[in-house]
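Q: Starting from the known structure of chain A, fit chain B onto it as the hints suggest.
Protein chains: 2
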Amino acid sequence: MMENPRILAEFPKDVIARAKAYKGMLSGGSVGAYTDSRGVPGVRDEVAEFITKRDQRSVSADDIYITNGASRAVCMTLTALLRSAQDGVLVPIPQYPLYSASIQLHNGTLLPYYLDEKDNWSFSLPAIERTIMKAIDAGMTVRAFVLINPGNPTGQCLTEAELVQLAKFCIKHRLVLMSDEVYQSNVYQDERPFIAMHKILNSLPMSLPSELELISFHSASKGNLGECGLRGGYMHTSNCAVNFKRDVYKLLSISLSPNVVGNIMVGLMVKPPVPGDESFALYDQENRAIGDSLRRRAHMITDAFNACEGMTCNFTEGAMYSFPQIRLPAAAIAEADKQNRALDTFYCFELLNATGISMVPGSGFGQEEGTFHIRTTILPQEDDLATMVATFKKFHASFMDKYRDSAPLSKM
Amino acid sequence: MMENPRILAEFPKDVIARAKAYKGMLSGGSVGAYTDSRGVPGVRDEVAEFITKRDQRSVSADDIYITNGASRAVCMTLTALLRSAQDGVLVPIPQYPLYSASIQLHNGTLLPYYLDEKDNWSFSLPAIERTIMKAIDAGMTVRAFVLINPGNPTGQCLTEAELVQLAKFCIKHRLVLMSDEVYQSNVYQDERPFIAMHKILNSLPMSLPSELELISFHSASKGNLGECGLRGGYMHTSNCAVNFKRDVYKLLSISLSPNVVGNIMVGLMVKPPVPGDESFALYDQENRAIGDSLRRRAHMITDAFNACEGMTCNFTEGAMYSFPQIRLPAAAIAEADKQNRALDTFYCFELLNATGISMVPGSGFGQEEGTFHIRTTILPQEDDLATMVATFKKFHASFMDKYRDSAPLSKM
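Chains as they are written, first to last, in our numbering: chain A, 1 to 412; chain B, 1 to 412.
Just so you know, these hints were derived from the structure itself, not from any lab. This structure is a prediction, so every number in the text was calculated from the model and none was measured. Check before you lean on any hint, since a few could be wrong.
The list treats identical chains as interchangeable, and a pair is accepted whether it falls inside one copy or across any two copies.
Claimed, not checked - Below, simulated DSSO-like cross-link-like pairs (lysine-lysine); rule was C-alpha separation at most 30 Å, straight line:
{"id": "1", "residue 1": "K23", "residue 2": "K13"}
{"id": "2", "residue 1": "K271", "residue 2": "K23"}
{"id": "3", "residue 1": "K250", "residue 2": "K338"}
{"id": "4", "residue 1": "K271", "residue 2": "K250"}
{"id": "5", "residue 1": "K20", "residue 2": "K53"}
Chain A with its partners taken away, still in its complex shape (with noise of 0.2 Å):
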């Protein structure tokens, strides 16, 4: 197609541009030959750029692994941690069950820190201190804390504050800080913008900053972009060990290259058409179209839970999902009992025979004892979701009256 001035013709310069400098990256021009088993190194470098722009401070290709998704990466992440299950990892509680499976996987020991729902899913830095002693108390080693920001089934957006106080406390504890941040384009509220844990070693006091032992993660899957099926996902370590590094380096090599196509769509995230591009106009139009779109979807889809009977529900400040607590009847629950299901569960399934709306249970994400929740995505388009709402809502009016009683609801 590069030959052929009939089809270049129909592109933007700036694309042909774009592409003719990536067939320079690759093994004979060619996204068909194997790459270092760490990325194409052209690509690394524009990820480091990236970094070293977004957080102000300079970053080296040679910390930037490009993998086959961010799922990838965090599983060989703790490939590479977990020795025996006495190794324990900090995950959040409601999780992205990537952790729990990947911890599993690994014979390592999960060690469950609980978001607050009543305090917009925030974290007690004094309840998780006391989770690590009674760890080492049982002879465990503390290895990492998993940090999902913004939250993954649940939204929130963490503040600097925040980021220096967990910061401090995973140098103070020896932890490896794995900070999940693949949904850092997705966030609705002004409040509480996106801030790179890579950036707050910028705020940390002197010294300090070259003691987090710190991976983050990024992906192509999420943003305005969601080109999921390319896996296209990065992970980038700060002050790692060497022998960590050598490590991960053999792991990779285990399966010889990433996909140099999902590569590429990580160099095309991060280093999108800048004003004075052909393509910029239409890129810069759809990238906001979907932005403001998701903004519009994460409020409707809040809005509609917290005016339904019985269920609250924090609101969408980042990523791609909605978890609403749901409180039902005693006749429910015994309903549920008898059918053998948790609560949830049991809802999910009503919900989805009654109109084909599938939700996914709360307990598949971990919930505090005696809460029930559904999750669902704002991913639908607008008018699919308009639909399903006001689907959901007639679902769930029906649901409460049919097992409406005179006890209260189950706790919250």
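A: Here is chain B on its own, set in the frame of chain A:
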């Protein structure tokens, strides 16, 4: 592009029809969306049709898993099979290091079976049986047998009789047979064409075909396509336990989805253009030209090594490698000892420093104690390979002259 008639006009009609068919198989018509964790359903159908036709034996798409390259499928199979260091896997020596690395990663035990270089890299079932008995006596469970056919790095191709014997052997000892067949299209002689282990099921006596737990691997990274950067491979399970298949699905779902472009490459590999298609003539011409050239290169490099003093090399019947044995003078052995390097590693460094040619010491693949090999590929373009062979021959002659002495060469 699919909606731009000026671009469409530049492509053969069957190519456009095929692209449209793939769009129809994908969520939202896009390679940018997740697919089923086991691969794009329509591509799994194409793979099942390919195997059914190749082996004259019916295959269900339910037994096909498309992965980010075959290496991922091999590694994941070992994740599912290996429980502890008491679980052993029989692996040929020399082997492809994916196996040793993956077995070590999962804390299993590699049980080597040596290939007989003097008998065209054949294996001996009685010797393997003794290895199994010894392992059982030591309290181990031998779980699986790894077959690489055509051999990597050894290049041998197996006969139907050998494959039937091996299938019966695996049934007798209740071994899962992992059949690495990624080089099935890379065969450079006509006496022993590639036969898939799955096809051998047709040749087993009644009742036996359903008793062989077989997992076959294939890839779009090899053959005459060599599209390794796109990371498309598949595994095909025959007679595997429901639990195993459920675990594989669960393991795959941790990373959500294989990359979709790699899936489509697998589809194009198993269902290439056929006579009557507008693109067939060009495809057929390129495919034949590459295959014929690889065959010439296999001969060129084998002949070159066999013409060198102290070197013997089995013909590369298949795959993409040459693995000659090298016997060196006592003075070279002494010099390697002095440098604290294995003899083959010493030789490879000398070669690299003198010529810039990189070959890999046989110790990276395993070799019989006291023998030394070097591994190279037949992949450089024919002109480059001819230059390389000439340069190598000159280097080897001067190396032998430099270290020549009256003692005999190192043992064969």
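Q: For every hint, state whether the structure bears it out.
A: We went through each hint and held it up to the structure:
Taking the shortest alpha-carbon separations for K23 and K13, both the intra-copy value of 15 Å and the inter-copy value of 27 Å come in at or below 30 Å. Within a single copy, K271 and K23 get their C-alpha atoms as close as 16 Å, and across copies as close as 27 Å, so both meet the 30 Å cut-off. Proximity of K250 and K338 under a CA criterion of 30 Å is satisfied inter-copy only: 29 Å between copies versus 52 Å inside one chain copy. Taking the shortest Cα distances, K271 and K250 sit within 30 Å of each other inside one copy (28 Å), while across copies they are farther apart (35 Å).
For a Cα distance limit of 30 Å, the shortest separation of K20 from K53 inside one copy, 24 Å, qualifies, whereas the shortest one across copies, 41 Å, does not.
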